[in-house]
Structure formats: structure tokens, C-alpha cells
Amino acid sequence: ITIERLSDIFIELQNKGANNINLVTPSHYVPQIIAALDKAKNKGLLLPIVYNTSGYEKVETIKALESYVDIYLPDFKYFNSDIGKRYSNCPDYFSYASATVEEMVRQKPNPVFDERGMMKKGVIVRHLMLPGYLEDSKSIIKYLYKTFNNYIYISVMNQYTPLKNVSAYPEINRKIAENEYDELVDYAISLGVENGFIQEGETASESFIPDFSNEGV
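Taking my numbering, the leading residue of the sequence shown gets 10, the next gets one more, and so forth.
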């Protein structure tokens, strides 16, 4: 789609009652997104802009978005470089993600919510727990809380869903055990984490994977 069409889509979503514009895995289109947002704002776009990312970003990219993004929603996947290399071929994941979140917090240091409890500005860092890697998850939660304290919200997720291609990695070819997740949540609470989200019930299912139908494009 063109930059002009993207700006129109933003306006169409606003007219349909969307709560925000959620840009999912947008890193490789940032220049075009910035241009589209400029056009959309001239057309009356008022919705908060959400930057929904893997966390594996260049700080320069995040700096370029400072006057455009209201809510940063990064993942924080790995603490240990060996784990990052094994599952994402990113042994430097932690160094990039930590610098990325630091810049996001510099830009949006104080979470802001509206009267409905919807975030208007701020940073929510998501961590998806992997089966068998409780200690790595604990290291991530500890790092995030000790570094950023209540300047961020931490979302601890248990929705890891092993698909067919995961069979090459038998150690993670299962869902998260309830006791694993409970131990991680208890650990976060013991650290003093107050600004956070947890998941309850059965969330590890393919039914939770969005169906990207290109509707509205």
C-alpha cells in the first residue's frame, strides 16, 4: 500500500472507534510510517500511536519515533546470549533490547492512563516465558525492575504455543507448566514489582494467534 493509503487507513480506524493505532513489527517500514503519520495528523488523527516490537531495534530508530509514538510495547525475549542465538540467531539480543527499552523510557518515563484505564502514554515491556528457562525469565524480570522500577509496566506472559516447526527444538516443544509460571509471578512479586500484568487460565492455543486477513487494507 502507498503512504497516502496508509494515512487513510489510520483515519478509517479512528472513525470506526479504535482505541489506538497499533503498529505491529513495524521496524522495516519506519520511514514510510512516519510519512503516513504526518499526513494522517493533518487529516485529524488524534489516536495514541503504539509501537509494538520484538525489542531487537537500533536506538536510532527509536529516537526517530520520539515525536510520533505514544506507547512503546516491546518484547524482552532473552537474557542469556546462548538462548538468543539458539532460537533467534541473535546472540546480541540483550544488548540491543536493553538499549532500546532505555531509550523508550527516556522518551516516555511516566505512564499515563485515561479514565477507562486505557494507557495513553508509557512503556509496557512484555516477556513471554519459554518452557524450561525459568532462570532466564527471572533474570529478565529482575533486570527490568531493578533498572526501570515503576517507570515501566511489565507483562509476564504464559501463552507460548509450540507449533510444528518447534519439533526441531524438543526442549521447548511443550506448553508452559502452571507451576513454572506461578513461580515466575511469585518471584516478580517478591522483587516488589507492582506495575505489571499477568495471564490467567488457558492462553497457549492457536486460537489466540491472529488471523491476518488484510481486511481494511
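By construction, these hints were calculated from the structure, which means they are not laboratory data. By construction, the Cβ of each residue, glycine as well, lies at the ideal position given by its N, Cα and C atoms. Please note: incorrect hints may appear among the correct ones.
[To be verified] BS3-like cross-link-like pairs, simulated, lysine-lysine; straight-line CA separation at most 25 Å:
| id | residue 1 | residue 2 |
| --- | --- | --- |
| 1 | 72 | 25 |
| 2 | 48 | 155 |
| 3 | 52 | 25 |
[Claimed, not checked] Just the calculated beta-carbon pair ranges, DEER-fashion:
| id | residue 1 | residue 2 | range |
| --- | --- | --- | --- |
| 4 | 195 | 41 | 29 to 35 Å |
| 5 | 199 | 34 | 32 to 38 Å |
| 6 | 152 | 51 | 20 to 26 Å |
Among the hints numbered above, which are violated by the structure, and what are their numbers in rising order? Going through the list in order, the structure violates hints 1, 2, 4, 6 and respects the others.
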